[in-house]
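Participant: The chain contents come next:
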Amino acid sequence: MLNWFPPEVSTFGQDVDSVFWLIFWIGLAWFIVAEGIIIFCLIKYRRGKGRKATYFDGNSWKQASWILIPGALVLCLDLAVDFAGGHAYHKVKGELPASDVKVRVQGEQFAWTFTYPGPDGLFDTADDKETPTLDVPIHRPVHIYLRSKDVIHSFFIPTVRIKQDALPGREIALWFEADIAGRYEIACAELCGPLHYNMRTFLNVHTAEEYAAWVSETWGDN
Amino acid sequence: MEHAIHPEPTTFLRKHVFSVDHKVIGRQYLILGMVWALIGGLSAYLIRSQLAWPGKSIVGASLLFEGGVVLPEAYNALLTMHGTIMVFFVAMPILLGALGNFLVPLMIGARDMAFPRLNMASFWIITTASVILILSMFVPGGTAAAGWTAYPPLSARTAYTGVALGQALWILALALEFVSFLMGGVNILTTAITMRAPGMTMMRLPLMVWMQMSASVLFMLSVGPLIAGAILLLMDGLIGTNFFVPLAGGGGGDPLLWQHLFWFFGHPEVYVILLPGIGVLTEVLPTFSRKPIFSYKTILYATIVAGVLSFLVWAHHMFTSGMNPLMVMSFSITTILISVPFTLIIFALIGTLIGGSIKMTVPMLFAVGTIACFIVGGITGIFLGSAIVDTYMHDTYFVVAHFHYTLFPTVILGGLAGFYFWFPKMFGKTLNPVLGHLHFWLTAISFNILFLALFRVGLGGQVRRVWMSAPSLEPLQHLNVTATWAAIAMLLGQIPFLVNIVWTALAGTPAPGNPWNSNSLEWQTASPPPHENFAEIPTVHRGPYEYSAPGNDEDWMAQDAEPTSAAAG
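Residue numbers (the numbering used here), protein chains in the order written: chain A, 1 to 222; chain B, 1001 to 1569.
The following block holds chain A by itself, in its conformation from the complex (with noise of 0.2 Å):
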């Protein structure tokens, strides 16, 4: 398989691929059709001498579905990547599944910070801690909660296949379940200023021991 991507590494990040690939067959196939008529014509219908048009102006019902099947075609293939990207869509963006990883995420300009709620598991209280990575556990769904403190960023994390702006005044929860550790890059996605491209950080994705050993080393004794 082509391999376009970065690696892909969240539960949902599989079902987005491959609703990509499905366009990109379809896509690619309506390229050669239609590329491929036009060279055929190009070479076949190229001025000789003495070579004459053929008069037919397409208007005709017979003429036209010459076009119209192909339109036809085009409406059900389009209806198939609807479905199919409707499908994956309500996956990621449909309702967030229960989760006891919650993190506030505000973008500023030029930068992320991540607000973890504690032990107590209830953000604005003393025992938050607040971060500079996202640091999550593998194979748990983490919950996202989304501001922006000043102009609208967008949180990106290419790996796993996610982006959501960040908007002042309101708050947007979304999720998303590493399935593979790692270090992955964290960028803004929105023109948010000077030092836009250089506002980036990092998702660590721990595995279960590992993720025990950064929470009681953030939390200390508590």
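Mixed in with the good hints, there may be bad ones.
Unchecked claim - Here are the simulated lysine-lysine pairs, PhoX-like style, with alpha carbons at most 20 Å apart:
{"id": "1", "chain 1": "A", "residue 1": "44", "chain 2": "B", "residue 2": "1359"}
{"id": "2", "chain 1": "B", "residue 1": "1297", "chain 2": "A", "residue 2": "62"}
{"id": "3", "chain 1": "A", "residue 1": "49", "chain 2": "B", "residue 2": "1359"}
{"id": "4", "chain 1": "A", "residue 1": "52", "chain 2": "B", "residue 2": "1359"}
{"id": "5", "chain 1": "A", "residue 1": "102", "chain 2": "A", "residue 2": "91"}
Everything labelled a hint here was simulated from the structure, so no lab data went into it.
Every value quoted in this text rests on a predicted model; they were computed, and no experiment measured them.
We have chain A; now place chain B onto it with these hints.
Facilitator: Showing chain B alone in chain A's frame:
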């Protein structure tokens, strides 16, 4: 209706500067658009050079930037200017201003536009807008740097960008541009509806006229909300209102409101500049295939359907914005549906080639190139129309490559097809075809290399509007370098074009009235057409695409040729 609208001017100023003649105004728009295209192209050169060799001194840039280095603030201003210039000051002036103005009265057999003085005012208003946009680059804080989409709060507060007056001047320039094309739209519509020559029924109009009318309607229906939005944004920026900026303690404005207003205009706007480009193809392809356009009515109705759908798809630019997922799904479906009318249009254009007698002149080469490249733009639109794939693709270079594959073919390649096709009519001189072929191949090949590379970079996850790509994307950096060399090649590829124009202006052979044996009315008068276009208003007997009609000795039949008993159309 026939009326001698204005006497032939005698002074230089009235003839060539403050002219009310649609042909002169069309040429003025063309020159304005081409000057802006040069500036827009050079801004792309600076953007691409920075991305290929980040932070390095760029050849030739020391005139504008200290040491030739483009810093992040300047980079953001450049990308904002590139988008603004190419959409509003290149595509619209050339495709609507130049081609629309020049062609509509000639094609319908009229002596001028319905409102010649309004026409002149339109041109001078966009010229004023151009001056203001250039001024905005020299005020303290620089010009707008929040992208051509100007999303607030970034665009609404100096604190976020360092841009002060520049953003306000940018809004003012755009507002004037909108006024100019609103007036132009009224003119094109009124002219095409009320001033057709006898016998020129609506279904005998060349499709180019329909495309100009459709584009005008789309523009006039969509721009209103944006003008309102622009005024609100101006107030947010100048006097600190909170229409689009939320208050720190909760409440206040909503940044998404701007996105809705912007894209309610922004999506139809894509078709405003795309349809006239397709209109060029509907004239060029039949002429050089010596065949009627395939299914005139299907193209016309599909265009209308696409135009209506274009008002129902705007939120596909906002799939990741945080709006309701149910709304995302409905906009995803309408967006993907738009592929149906465009499939019909593209296949009808290809169908025009079938059974033809195809001559690869320079305009034909550009026209076929337009279709061949636009197909890629259409297909890649499906990826982005699918909300789930867009969740990954949005704001990456895949989007950049996609919209360049839709607009570059139609606006630039299609526009150039029109330029080479109607240049003899506009200026009365014949362009050199060898230089024209060279121009085509240099432009088309470099375009494809450039944006295929950017598709790949985008799939790899590079986000757009960044001053340099992320360190993790280093393995793809060679593609950024390739894309930049292709952009440089494309710019250099315009040299044969400019040489051709200068050469032809100085030493070109005079063009005959109808060099391509075309049917439509603009070809049935002298090149360039005389004052008031026609010695006598023609009477139209048939549609514009009667090429190779049976029973006719010639393989063409002018729209106004007297019917003979054998060839009554």
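Participant: Please verify whether residue 44 of chain A and residue 1359 of chain B have alpha carbons no more than 20 Å apart.
Facilitator: This hinted pair holds, its Cα atoms lying about 12 Å apart.
Participant: Does residue 1359 of chain B sit within 20 Å of residue 52 of chain A, going by the straight-line distance between their CA atoms?
Facilitator: holds (12 Å)
Participant: Between residue 49 of chain A and residue 1359 of chain B, does the CA-CA distance stay at or below 20 Å?
Facilitator: holds (11 Å)
Participant: Compare the distance between the alpha carbons of residue 1297 of chain B and residue 62 of chain A with 20 Å, and conclude whether the hinted pair is satisfied.
Facilitator: holds (14 Å)
Participant: Quick one, are residue 102 of chain A and residue 91 of chain A close enough, alpha carbons at most 20 Å?
Facilitator: Status holds; Cα separation ~19 Å.
Hint compliance for this structure: every hint is met.
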